[in-house]
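Novice: Single-letter residue listing:
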Amino acid sequence: MTDEKTIDATEATETVDLWVAGTEEPQFQPTDEGQQEMFVEETDERLAKQLGSVIDDDYLFDDDVEDDERMIVNMGPQHPSTHGVLRLQIEMEGEVIRRTKPIIGYLHTGMEKTAEQLTFGQGPTNVTRMDYLAPLHGELAYSLAVERLLDIEVPERAAAIRVLMTELNRISSHLVALATNGMDIGALSMMLYGFRERESILAFFEKTTGLRMNHNYIRPGGVAADLPPGWKDDVAAILADLPVRLAQYDDLLKENPIWLSRTQGVGVITQEEAKAFSITGPILRATGVNWDLRKAFPYSGIENYEFDVPVGENGDVYDRYRMRVLEIIESLKIVEQAMDRMPKGDYRIDDRKVTPPPRARIDESMEALIHHFKLFTEGFKVPAGETYVAVESPRGELGCYMVSDGEANPYRMHTRAPSFYNLQALPITMADSLMADTIATIASMDPVMGDVDR
Amino acid sequence: MANTTPPGNLLMTTVEKAANWARTRSMFPATFGLACCAIEMMATGAGHYDLARFGMEVFRASPRQADLMIVAGRVSQKMAPVLRQVYDQMPDPKWVVSMGACASSGGMFNNYALVQGVDQIVPVDIYVPGCPPGPQSLMHGVLTLHDKIMSGEIVR
Numbered sequence: 001m002t003d004e005k006t007i008d009a010t011e012a013t014e015t016v017d018l019w020v021a022g023t024e025e026p027q028f029q030p031t032d033e034g035q036q037e038m039f040v041e042e043t044d045e046r047l048a049k050q051l052g053s054v055i056d057d058d059y060l061f062d063d064d065v066e067d068d069e070r071m072i073v074n075m076g077p078q079h080p081s082t083h084g085v086l087r088l089q090i091e092m093e094g095e096v097i098r099r100t101k102p103i104i105g106y107l108h109t110g111m112e113k114t115a116e117q118l119t120f121g122q123g124p125t126n127v128t129r130m131d132y133l134a135p136l137h138g139e140l141a142y143s144l145a146v147e148r149l150l151d152i153e154v155p156e157r158a159a160a161i162r163v164l165m166t167e168l169n170r171i172s173s174h175l176v177a178l179a180t181n182g183m184d185i186g187a188l189s190m191m192l193y194g195f196r197e198r199e200s201i202l203a204f205f206e207k208t209t210g211l212r213m214n215h216n217y218i219r220p221g222g223v224a225a226d227l228p229p230g231w232k233d234d235v236a237a238i239l240a241d242l243p244v245r246l247a248q249y250d251d252l253l254k255e256n257p258i259w260l261s262r263t264q265g266v267g268v269i270t271q272e273e274a275k276a277f278s279i280t281g282p283i284l285r286a287t288g289v290n291w292d293l294r295k296a297f298p299y300s301g302i303e304n305y306e307f308d309v310p311v312g313e314n315g316d317v318y319d320r321y322r323m324r325v326l327e328i329i330e331s332l333k334i335v336e337q338a339m340d341r342m343p344k345g346d347y348r349i350d351d352r353k354v355t356p357p358p359r360a361r362i363d364e365s366m367e368a369l370i371h372h373f374k375l376f377t378e379g380f381k382v383p384a385g386e387t388y389v390a391v392e393s394p395r396g397e398l399g400c401y402m403v404s405d406g407e408a409n410p411y412r413m414h415t416r417a418p419s420f421y422n423l424q425a426l427p428i429t430m431a432d433s434l435m436a437d438t439i440a441t442i443a444s445m446d447p448v449m450g451d452v453d454r
Numbered sequence: 001m002a003n004t005t006p007p008g009n010l011l012m013t014t015v016e017k018a019a020n021w022a023r024t025r026s027m028f029p030a031t032f033g034l035a036c037c038a039i040e041m042m043a044t045g046a047g048h049y050d051l052a053r054f055g056m057e058v059f060r061a062s063p064r065q066a067d068l069m070i071v072a073g074r075v076s077q078k079m080a081p082v083l084r085q086v087y088d089q090m091p092d093p094k095w096v097v098s099m100g101a102c103a104s105s106g107g108m109f110n111n112y113a114l115v116q117g118v119d120q121i122v123p124v125d126i127y128v129p130g131c132p133p134g135p136q137s138l139m140h141g142v143l144t145l146h147d148k149i150m151s152g153e154i155v156r
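Each protein sequence line maps, in turn, to chains S and X.
Position one of the first sequence corresponds to residue 1 (my numbering), numbered consecutively onward.
Position one of the second sequence corresponds to residue 1 (my numbering), numbered consecutively onward.
Heads up, a few of these hints could be off.
[Said to hold, decoys possible] Just so you have them, the derived chain S footprint on chain X, three or more residues with Cβ under 8 Å:
1) 32-41
2) 112-119
3) 128-136
[To be verified] Computed beta-carbon distance windows for the label pairs:
4) X:8 x S:247: 23 to 29 Å
5) S:353 x X:52: 34 to 40 Å
6) X:150 x S:353: 52 to 58 Å
7) S:276 x X:62: 35 to 41 Å
8) S:226 x X:54: 34 to 40 Å
9) X:25 x S:288: 49 to 55 Å
10) X:150 x S:278: 53 to 59 Å
11) X:62 x S:243: 36 to 42 Å
12) S:226 x X:18: 40 to 46 Å
13) X:140 x S:361: 37 to 43 Å
14) S:226 x X:119: 37 to 43 Å
15) S:290 x X:28: 45 to 51 Å
[What the hints assert, rightly or not] Sample of chain S residues with no beta-carbon within 12 Å of chain X, all distances over it, derived:
16) 84
17) 135
18) 152
19) 230
20) 273
21) 386
22) 434
23) 454
Simulated from the structure, these hints should not be mistaken for laboratory data.
Please read all numbers here as calculations on a predicted model, not as lab measurements.
Just so it is clear, CB atoms sit at the ideal spot from N, CA and C, and this is done for glycine as well.
Produce the complete structure using the sequences and hints provided.
Specialist: Okay, structure coming up:
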């Protein structure tokens with residue numbers, strides 16, 4: 001990383017502290033998030049405040065603050081640059097942000113409750129809509145959890161397809177992150193380029209899974225369908241094009257003085273803060289921690305692939321951007337290896353209690369028909385127990401905690417959503433920074449609100 | 001013949017058709033991305049599908065500058081008042097496209113958290129099916145809306 005140009009975070013805040021002439025020496029209060037307490041009794045008024053339909057500017061009446069010095073700026077939930085429906089209450093002193101209060105829940109879909117009503121076979125339909133930029137990772141975490149409860153192993157080909165597809169998904173997700181990051185800071189051409197490259201991957205996804213997003217492709221027991229004929233040509237085309245294009249985009253941004261001054265030393269998270277807030281993924285690695293679940297707790301045989309884990313130094317917006325570019329390059333390596341050594345065999349487990357029989361068998365075999373009918377009406381039962389499986393999604397540790405009571409539906413399904421934990425660090429990241437850096441910081445966090453709120 | 005034709009080129013139309021034509025050719029959508037569909041909406045606006053062909057690439061951040069709201073994604077109970085407020089802030093004439101299954105009917109999420117169809121809050125002109133609808137579907141919905149505007153009356 002180019003550390004010599006990086007400004008130290010504390011030094012930066014000292015130089016940007018603006019103060020109105022003629023007033024006393026600034027006595028800034030330490031910026032905490034205020035007292036966290038539960039309301040004793042719920043009234044309609046308080047509920048309305050909590051739900052966000054009534055805005056409570058309680059900061060304005062803090063006793064120790066001059067009324068005319070602090071200002072609350074409400075940002076969102078309908079805002080072009082908050083990556084969905086994130087709402088921020090920002091308390092500002094001039095141009096300097098003192099406190100930030102992220103307000104989430106505008107996209108709460110009740111998916112964890114819906115998961116309890118869907119059978120294990122239907123579950124991926126639900127989880128794929130959580131982190132909609134990395135749908136395959138959500139399906140993978142869910143499927144791995146179900147498979148661990150069932151105590152089954154998927155065939156080698158299924159595991160390799162999973163690796164191939166999830167790594168392609170990581171690339172497409174990071175491309176969107178680069179595109180929106182660029183768009184938010186003003187590099188509008190980056191947005192067009194990022195989405196253009198994403199289209200090539202999405203075309204392959206559509207060919208394989210039938211959908212551009214929300215695939216429901218990785219299911220308990222394997223994957224929904226085999227790779228289409230000619231898939232190697234498509235993947236090879238992606239592998240041939242993307243590194244060249246990526247180098248071009250790097251030329252566009254890596255040494256662009258405007259980009260550097262907007263990103264370097266901005267939105268710094270230290271290692272200690274990152275660990276304290278349970279931050280994972282590129283944001284954690286940008287602080288210099290070498291932590292990747294693909295190396296730490298490998299899944300789907302990803303330990304057999306050769307790749308490096310890029311690690312940053314400064315934990316600023318620039319390093320997070322670099323992490324994503326470098327991770328795309330590493331993912332391309334995995335995709336290439338998966339393409340070269342794709343094993344032959346079944347793409348799903350040959351267990352009629354978990355996966356449906358082939359369509360042709362239904363016409364000839366009564367038993368196959370019964371299996372098919374049972375699987376698609378009542379689903380398959382999973383032994384009682386609980387488990388937690390995590391995969392490395394583009395945003396960090398995407399975990400699936402699942403409890404089964406022996407029925408065909410999960411008793412409880414909880415997702416450890418990386419965006420949710422990463423977003424927690426927003427107040428401390430944005431404290432004492434400039435208003436203009438807000439968007440750059442949020443964009444570099446790359447939150448997906450569907451993942452945060454679920 | 002030469003004496004009866006006025007000098008220069010002349011086009012004849014009605015005010016209604018001219019106004020409707022102008023409205024369809026410069027629709028400004030409000031940026032109202034909610035969930036998965038928002039990504040596809042962005043993809044529609046990006047280079048590959050290029051919504052600019054229909055004069056619609058300018059997604060307006062302020063609802064006061066927009067005349068089309070593409071409700072792209074699932075609308076939660078918490079978001080519903082916000083959505084209605086954004087709609088009320090848009091100047092007339094305004095149109096609403098309900099993009100995707102969740103916005104149209106609640107989709108697969110029939111539970112406590114979601115509004116079962118955005119038409120319970122705002123009047124919807126076009127429903128675009130799909131989960132999420134691809135950029136082609138969205139563009140088809142938008143073009144259908146253009147037809148609707150062209151065939152309609154000025155005063156709504």
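Novice: Determine for every hint whether it applies to the structure shown.
Specialist: Hint by hint, here is what the structure shows:
With 8 residues carrying a beta carbon less than 8 Å from a beta carbon of chain S, the stretch 32-41 of chain X meets the three-residue requirement, and the given coverage holds. Taking a C-beta to C-beta cut-off of 8 Å, the stretch 112-119 of chain X contributes 3 residues in contact with chain S, enough for the three needed, and the coverage statement holds. For the stretch 128-136 of chain X, the stated coverage by chain S holds: 3 residues have a C-beta nearer than 8 Å to a C-beta of that chain, and at least 3 were required. The beta-carbon spacing between residue 8 of chain X and residue 247 of chain S, approximately 55 Å, falls outside the hinted interval of 23 to 29 Å.
For the pair residue 353 of chain S and residue 52 of chain X, the beta carbons lie near 53 Å from each other, so the given range of 34 to 40 Å is not met. The beta-carbon spacing between residue 150 of chain X and residue 353 of chain S, approximately 57 Å, falls within the hinted interval of 52 to 58 Å. Between residue 276 of chain S and residue 62 of chain X the CB atoms are about 38 Å apart, so this pair conforms to the stated range of 35 to 41 Å. A C-beta distance of roughly 39 Å is found between residue 226 of chain S and residue 54 of chain X, which places it inside the suggested range of 34 to 40 Å.
One distance hint, 49 to 55 Å for the beta-carbon pair residue 25 of chain X and residue 288 of chain S, holds here, with the actual separation near 53 Å. A hinted range of 53 to 59 Å for the beta carbons of residue 150 of chain X and residue 278 of chain S is consistent with their spacing of about 54 Å. Judged by the Cβ atoms, the range 36 to 42 Å given for residue 62 of chain X and residue 243 of chain S holds: they are separated by roughly 40 Å. For the pair residue 226 of chain S and residue 18 of chain X, the supplied restraint of 40 to 46 Å is violated, since their beta-carbon distance comes to about 56 Å.
Separated by about 38 Å at the C-beta atoms, residue 140 of chain X and residue 361 of chain S satisfy the suggested range of 37 to 43 Å. Checked against the given bound of 37 to 43 Å, the beta carbons of residue 226 of chain S and residue 119 of chain X, roughly 40 Å apart, stay inside it. About 47 Å separates the C-beta atoms of residue 290 of chain S and residue 28 of chain X, a value consistent with the hinted range of 45 to 51 Å. With a cut of 12 Å on Cβ distances, residue 84 of chain S falls inside the contact zone with chain X, its closest approach being about 7 Å.
Annotated as non-interface, residue 135 of chain S brings its C-beta within 12 Å of a C-beta of chain X; the closest such distance is 8 Å. Under the 12 Å C-beta cut-off, the non-interface status given to residue 152 of chain S relative to chain X holds; the minimum distance is some 27 Å. For residue 230 of chain S, the requirement that its beta carbon stay farther than 12 Å from each beta carbon of chain X is met, with the minimum near 21 Å. No Cβ of chain X comes within 12 Å of the Cβ of residue 273 of chain S; the nearest lies about 29 Å off, and the non-interface call holds.
No beta-carbon of chain X is positioned within 12 Å of the beta-carbon of residue 386 of chain S; the least distance is around 23 Å. Residue 434 of chain S, annotated as away from the interface, keeps every beta carbon of chain X farther than 12 Å; the closest lies near 20 Å. Residue placement check: residue 454 of chain S does not keep its beta carbon more than 12 Å from all beta carbons of chain X (closest about 9 Å).
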